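Trainee: In the order they appear, the protein sequences are chains E and D.
For the first sequence, position 286 matches number 286 in my numbering, and the numbering has no gaps at all.
For the second sequence, position 392 matches number 392 in my numbering, and the numbering has no gaps at all.
Rather than coming from a laboratory, the hints here were simulated on the basis of the structure.
No experiment lies behind these values; they were computed from the predicted model shown.
Beta carbons are placed, not taken as given, at the ideal position from N, Cα and C, and that holds for glycine.
Be aware that a few hints might be false.
With the Cβ distance kept under 10 Å, some of the chain E side facing chain D (calculated, not the full set) [stated by the list, open to error]:
(1) A12
(2) W81
(3) E82
(4) S85
(5) A103
(6) A107
(7) H210
(8) Y212
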Amino acid sequence: MSSSPAATPGQAHYFVPQPSIYPFILASGMFMLALGFILKINQFPAGPWIMLAGAATIITMLFKWFGKVIYENQTGAYADWEDRSFRHGMIWFIASEVMFFAAFFSALFYTRNISVPQLGGMLAQHGVTLWEGYTGGWPTAGPKASHFEPMAAWGLPAINTALLLSSGATVTWAHWGLLKNNRFQLMLGLFLTVALGVAFMACQAVEYHHAYTEMGLTLGSGVYGATFFMLTGFHGFHVTLGAVMLTVILLRSMSGHFSAERHFAFEAVAWYWHFVDVVWLLLFVLVYWL
Amino acid sequence: MSATTLPHDAAGHHGEHHPSGLMRWLTTTNHKDIGTMYMTFSMVMFFLGGLMILLVRAELFQPGLQFLKPEFFNQLIGNHALIMIFGALMPAATGFANWQIPLMIGAPDMALPRLNNWGFWLLPPAALMLTLPFVLELFGVGDGALATGWTFYAPLSVQGGIGVDFAIFAVHLLGISSIMGSINIIVTIFNMRAPGMTLMKMPLFVWGWLVTAFLLVITLPVLAGAVTMLLTDRHFGTHFFSAAGGGDPILFQHLFWFFGHPEVYILLLPVWGLVPHVLSTFSRKPIYGYKAQVYSFIAIGVLSLIVWAHHFFTAGLPVPALLYFMYSTMSISLPLAVLFFCWIATMWRGAMTFETPMLFAVGFIVLFGIAGLTGLVLADVAADAQYHHSYFVVAHFHFALFTGGIMGVMTGVYYWLPKWTGHMYSETLGKLHFWLTVISFNLAFMPQFFLGLAGMPRRIPDYALQFAEYNAISTVGAFILGFAQLLFAYNIWKCIKGGPSVSARVWEGTEGLEWQLPSPPPHHSWDVQPTVK
Ligand code: HEM
Ligand SMILES: [Cu+2]
Numbered sequence: 001m002s003s004s005p006a007a008t009p010g011q012a013h014y015f016v017p018q019p020s021i022y023p024f025i026l027a028s029g030m031f032m033l034a035l036g037f038i039l040k041i042n043q044f045p046a047g048p049w050i051m052l053a054g055a056a057t058i059i060t061m062l063f064k065w066f067g068k069v070i071y072e073n074q075t076g077a078y079a080d081w082e083d084r085s086f087r088h089g090m091i092w093f094i095a096s097e098v099m100f101f102a103a104f105f106s107a108l109f110y111t112r113n114i115s116v117p118q119l120g121g122m123l124a125q126h127g128v129t130l131w132e133g134y135t136g137g138w139p140t141a142g143p144k145a146s147h148f149e150p151m152a153a154w155g156l157p158a159i160n161t162a163l164l165l166s167s168g169a170t171v172t173w174a175h176w177g178l179l180k181n182n183r184f185q186l187m188l189g190l191f192l193t194v195a196l197g198v199a200f201m202a203c204q205a206v207e208y209h210h211a212y213t214e215m216g217l218t219l220g221s222g223v224y225g226a227t228f229f230m231l232t233g234f235h236g237f238h239v240t241l242g243a244v245m246l247t248v249i250l251l252r253s254m255s256g257h258f259s260a261e262r263h264f265a266f267e268a269v270a271w272y273w274h275f276v277d278v279v280w281l282l283l284f285v286l287v288y289w290l
Numbered sequence: 001m002s003a004t005t006l007p008h009d010a011a012g013h014h015g016e017h018h019p020s021g022l023m024r025w026l027t028t029t030n031h032k033d034i035g036t037m038y039m040t041f042s043m044v045m046f047f048l049g050g051l052m053i054l055l056v057r058a059e060l061f062q063p064g065l066q067f068l069k070p071e072f073f074n075q076l077i078g079n080h081a082l083i084m085i086f087g088a089l090m091p092a093a094t095g096f097a098n099w100q101i102p103l104m105i106g107a108p109d110m111a112l113p114r115l116n117n118w119g120f121w122l123l124p125p126a127a128l129m130l131t132l133p134f135v136l137e138l139f140g141v142g143d144g145a146l147a148t149g150w151t152f153y154a155p156l157s158v159q160g161g162i163g164v165d166f167a168i169f170a171v172h173l174l175g176i177s178s179i180m181g182s183i184n185i186i187v188t189i190f191n192m193r194a195p196g197m198t199l200m201k202m203p204l205f206v207w208g209w210l211v212t213a214f215l216l217v218i219t220l221p222v223l224a225g226a227v228t229m230l231l232t233d234r235h236f237g238t239h240f241f242s243a244a245g246g247g248d249p250i251l252f253q254h255l256f257w258f259f260g261h262p263e264v265y266i267l268l269l270p271v272w273g274l275v276p277h278v279l280s281t282f283s284r285k286p287i288y289g290y291k292a293q294v295y296s297f298i299a300i301g302v303l304s305l306i307v308w309a310h311h312f313f314t315a316g317l318p319v320p321a322l323l324y325f326m327y328s329t330m331s332i333s334l335p336l337a338v339l340f341f342c343w344i345a346t347m348w349r350g351a352m353t354f355e356t357p358m359l360f361a362v363g364f365i366v367l368f369g370i371a372g373l374t375g376l377v378l379a380d381v382a383a384d385a386q387y388h389h390s391y392f393v394v395a396h397f398h399f400a401l402f403t404g405g406i407m408g409v410m411t412g413v414y415y416w417l418p419k420w421t422g423h424m425y426s427e428t429l430g431k432l433h434f435w436l437t438v439i440s441f442n443l444a445f446m447p448q449f450f451l452g453l454a455g456m457p458r459r460i461p462d463y464a465l466q467f468a469e470y471n472a473i474s475t476v477g478a479f480i481l482g483f484a485q486l487l488f489a490y491n492i493w494k495c496i497k498g499g500p501s502v503s504a505r506v507w508e509g510t511e512g513l514e515w516q517l518p519s520p521p522p523h524h525s526w527d528v529q530p531t532v533k
């Protein structure tokens, strides 16, 4: 992709954008969203309204900012040098996302392998029973939480795995199309990927509904419920973001953006999608299956 | 598409319009403007955090409760720490990065200028998040700011008031800001170096920041995850930190310190990077052991990720874990000792002069050495059982963070300020500032070692009579220290406004690309990249 040699003195000119107000307004929008949320969870009636204003600001700014970047790109502001900056940037952004999920996976590991066995083993280890009849074991809602039914791996979750894995394949197929300049394959591949992503989210919604209404499995179901919903919930949120980004890429493909040589945005979104895919595989094995 | 087909108005540099006044700062994409904003913000936060802790020291001047309600006292100490760490030290380091990295590696600007501006403008909202609850309480809303100490330990933080929620979101904003800043720095270092500047020719300051940026990208998301779990435990019924649901408060400590320990190196690596430049300049000798220092940075960065539990030896960890964390912690002192050796060897038999930056650099080495040695004491599991949560720890980390961090930043400010402004600061005021700072710092914090050894716990507004003398001395020192910093601000202000002009090289012993540009450097520094041989 970015194989051209490093810029030589006097030749390349790095694109430094004009002053822009978007970052400042975006930051203000984020402040409002956070402030509104804090007020809402502390039962202040103004909260939701401030959140709404913040969210609207953020969405508007994202449209404007990305729109500007796309415009700059289409008018030829970026050469290989700038392209490399975006690539590196995206890679390290995904790395930080990996570490965010790592925090929740560590919580799962810690509770499952350390704190729950310890709580259950009080009698053997220390000769005391803190909670009558509590013996640890997984899945558990802990000594004091209510009864629930754990999520089985081989129903919907297995179907979901198949859906996401195929979506990883279709996005690669779309990439092949782009590289061959086969626009139809590109668009069809992207469309299928979005469709599979939406199907995945629908299945997750059904699963959550089922968990809450029939299985008694909620956020409050001890550490099992907490790790289950936080991990799958943040993953689902990332799938949603990924699907939105893929849709944007699809629309851009339809209006003729991207060429076989230059299509960083496509690749960035594809990387992101694969990242979401890998997280799901870990989830399937560690949260649902084992 | 090649660079030659750039339409002129899209290229940014040409036909540029510069908003003036406030709009210049709100919209800027220039690394120097953004660097200046970071430094200014840092200075404001430094005084705000200082003011908070002077209130605390006033209360601790004598035993008994004098001025503050205990609840308010608790709010002050936690917010003092958060503001000093996230508001004063980290932004100062990022300000240096913004100003210096492009100049030092011959880049036209930071790689992602708009992202850069966004990173900065997330900071004032975060500061507002931390301080707003103080104000709200005055109007009868909520029960004040975060009162758990800066470490947010559960279950106290699960039970706390609205201040905890504000602090959680402040941490989120600060985290996003730092991650974006770090990504920008990594990309700039990898993609924007002048032709010929290989990684092993990069200035040490840039190396220090590269390791720092990696640590931030790795650890800050974990802190974000931890405070998110705290938020859901508080408001959405999860049991991450509650034994009733199978969770564990200790889990929070693991997650927090997985971030928290690397954080201390995040605060220090940029400083360790800049001090060798100063030592070399004023000793008129090249930096000793460049490679050894680079490898030590990397070693410290890696080790810092695997030692976190030394912050809660007393929480009831299994013995094998205690031993592992003790030995791994102690092993950090090896690469740290290499650094000390290289610093001293750089000065060895040099033609030394002691301008203000050099005074601060040498003061840094001596006082920071005390931090490292007392750290070794704390790393000993058996000894730590006595010293944990005592004033000994407070003294230890202030020797680390004030002399290692803040005095390192001051070293850099005095060293580079003439480059940035084109004017020389007042050497007399600078020296006065140095001596006042060093003496009053020791007056304030040396007694705290003895208080800790004698058993005074930290984070309490009242104490037993036997601790009275040392606390009184400490408070006097703290007040002198605080007021001495006004000299610093005044000196900087004067230097911005005017003063004797300086040459491009500023100091006679300087090496490196940044000294080839005029002082102050033009708005777009390396529009055409230099070539490094
Ligand atoms: C060889 C070097 C070092 C060692 C072995 C070391 C070891 C330790 C240990 C074991 C503790 C926990 C003490 C306790 O709570 O009982 C501690 C606390 C602390 N150290 Fe260090 N340290 C070293 C250097 C540093 C440096 C360079 C910094 C900062 C730049 C630093 C900052 C801190 C802070 C902020 C705390 C306390 C945090 C809190 O509890 O609020 N240390 N250190
Ligand atoms: Cu530590």
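Trainee: Would you mind marking each hint as holding or not holding in the structure?
Mentor: Going down the list of hints, with the structure as the test:
At its closest, the beta carbon of E:A12 sits 5 Å from a beta carbon of chain D; the interface hint therefore holds under the 10 Å criterion. Because the smallest distance between the Cβ of E:W81 and any Cβ of chain D comes to about 7 Å, under 10 Å, the interface hint for this residue holds. The interface hint given for E:E82 holds, since its Cβ lies 8 Å from the closest Cβ of chain D, which is under the 10 Å cut-off. Satisfaction of the interface hint for E:S85 is found here, the shortest Cβ-Cβ separation to chain D being roughly 4 Å, below the 10 Å cut-off.
Given the 10 Å rule on beta carbons, the hint for E:A103 holds: about 3 Å separates it from the nearest Cβ of chain D. Because the beta carbon of E:A107 sits about 6 Å from the nearest beta carbon in chain D, less than 10 Å, this interface hint is met. Look at E:H210: its Cβ only gets to about 19 Å from chain D, farther than 10 Å, so that hint breaks. For E:Y212, the interface hint is violated, since its Cβ never comes within 10 Å of a Cβ in chain D; the closest pair sits about 12 Å apart.
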